[in-house]
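*Asks:* Sequence:
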Amino acid sequence: MNTEKIAFDIISLAGDAKAELQKALKLAREGKFEKAQEQLEKATPQLQKAHQLQTQELLTREANGEKLQFNVLISHAQDYLMTTYILKDVAVEIINLYQLIKK
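Here the sequence shown is numbered in the numbering used here, starting from 1 and rising by one per residue.
Careful: at least some of the hints might be erroneous.
[Said to hold, decoys possible] Derived pair list, reagent style DSSO-like, types lysine-lysine, alpha-carbon separation capped at 27 Å:
#, residue 1, residue 2
1, 35, 49
2, 103, 88
3, 5, 102
4, 67, 103
5, 103, 26
6, 88, 102
7, 18, 67
8, 42, 103
9, 35, 103
10, 49, 102
11, 67, 88
12, 102, 26
13, 23, 88
14, 103, 5
15, 26, 42
16, 32, 67
17, 42, 5
18, 5, 32
19, 18, 102
20, 103, 49
21, 35, 102
22, 67, 23
23, 32, 42
24, 23, 49
25, 5, 18
26, 67, 42
27, 32, 18
28, 35, 23
29, 103, 32
These aren't lab readings, by the way, just hints derived from the structure by calculation.
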């Protein structure tokens, strides 16, 4: 698989996960905690698939000596994936805070 395809796949998966996380935050703000948790869970497989692409198609190949074409698109994909992971961690904490506040 070429690096552009990998980058677009990572961006797409991370973007879908980010959308699920944003929905989860909105639901939590509305007090719909069960649905918010469902949205959080929808983001997990997308992030896992993106991470798998990053690991298997980029990191492992590079570690095995293959010289990959690095470009801004790959940098963006890596950045987008990592910021979405951070968003997930923050979303979990914010949802927990909403639950405490709404008790």
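*Asks:* Please go over all the hints and tell whether each is borne out by the structure.
*Replies:* Hints, one by one, checked against the model:
no.: 1; hint: 35 - 49; in the structure: holds (23 Å)
no.: 2; hint: 103 - 88; in the structure: holds (23 Å)
no.: 3; hint: 5 - 102; in the structure: violated (44 Å)
no.: 4; hint: 67 - 103; in the structure: violated (55 Å)
no.: 5; hint: 103 - 26; in the structure: holds (17 Å)
no.: 6; hint: 88 - 102; in the structure: holds (21 Å)
no.: 7; hint: 18 - 67; in the structure: violated (30 Å)
no.: 8; hint: 42 - 103; in the structure: holds (25 Å)
no.: 9; hint: 35 - 103; in the structure: holds (17 Å)
no.: 10; hint: 49 - 102; in the structure: violated (34 Å)
no.: 11; hint: 67 - 88; in the structure: violated (32 Å)
no.: 12; hint: 102 - 26; in the structure: holds (14 Å)
no.: 13; hint: 23 - 88; in the structure: holds (12 Å)
no.: 14; hint: 103 - 5; in the structure: violated (46 Å)
no.: 15; hint: 26 - 42; in the structure: holds (15 Å)
no.: 16; hint: 32 - 67; in the structure: violated (48 Å)
no.: 17; hint: 42 - 5; in the structure: holds (23 Å)
no.: 18; hint: 5 - 32; in the structure: violated (37 Å)
no.: 19; hint: 18 - 102; in the structure: holds (24 Å)
no.: 20; hint: 103 - 49; in the structure: violated (35 Å)
no.: 21; hint: 35 - 102; in the structure: holds (15 Å)
no.: 22; hint: 67 - 23; in the structure: violated (39 Å)
no.: 23; hint: 32 - 42; in the structure: holds (16 Å)
no.: 24; hint: 23 - 49; in the structure: holds (20 Å)
no.: 25; hint: 5 - 18; in the structure: holds (20 Å)
no.: 26; hint: 67 - 42; in the structure: violated (34 Å)
no.: 27; hint: 32 - 18; in the structure: holds (19 Å)
no.: 28; hint: 35 - 23; in the structure: holds (9 Å)
no.: 29; hint: 103 - 32; in the structure: holds (12 Å)
Comparing the model with each earlier hint shows violations of hints 3, 4, 7, 10, 11, 14, 16, 18, 20, 22, 26; every other hint is respected.
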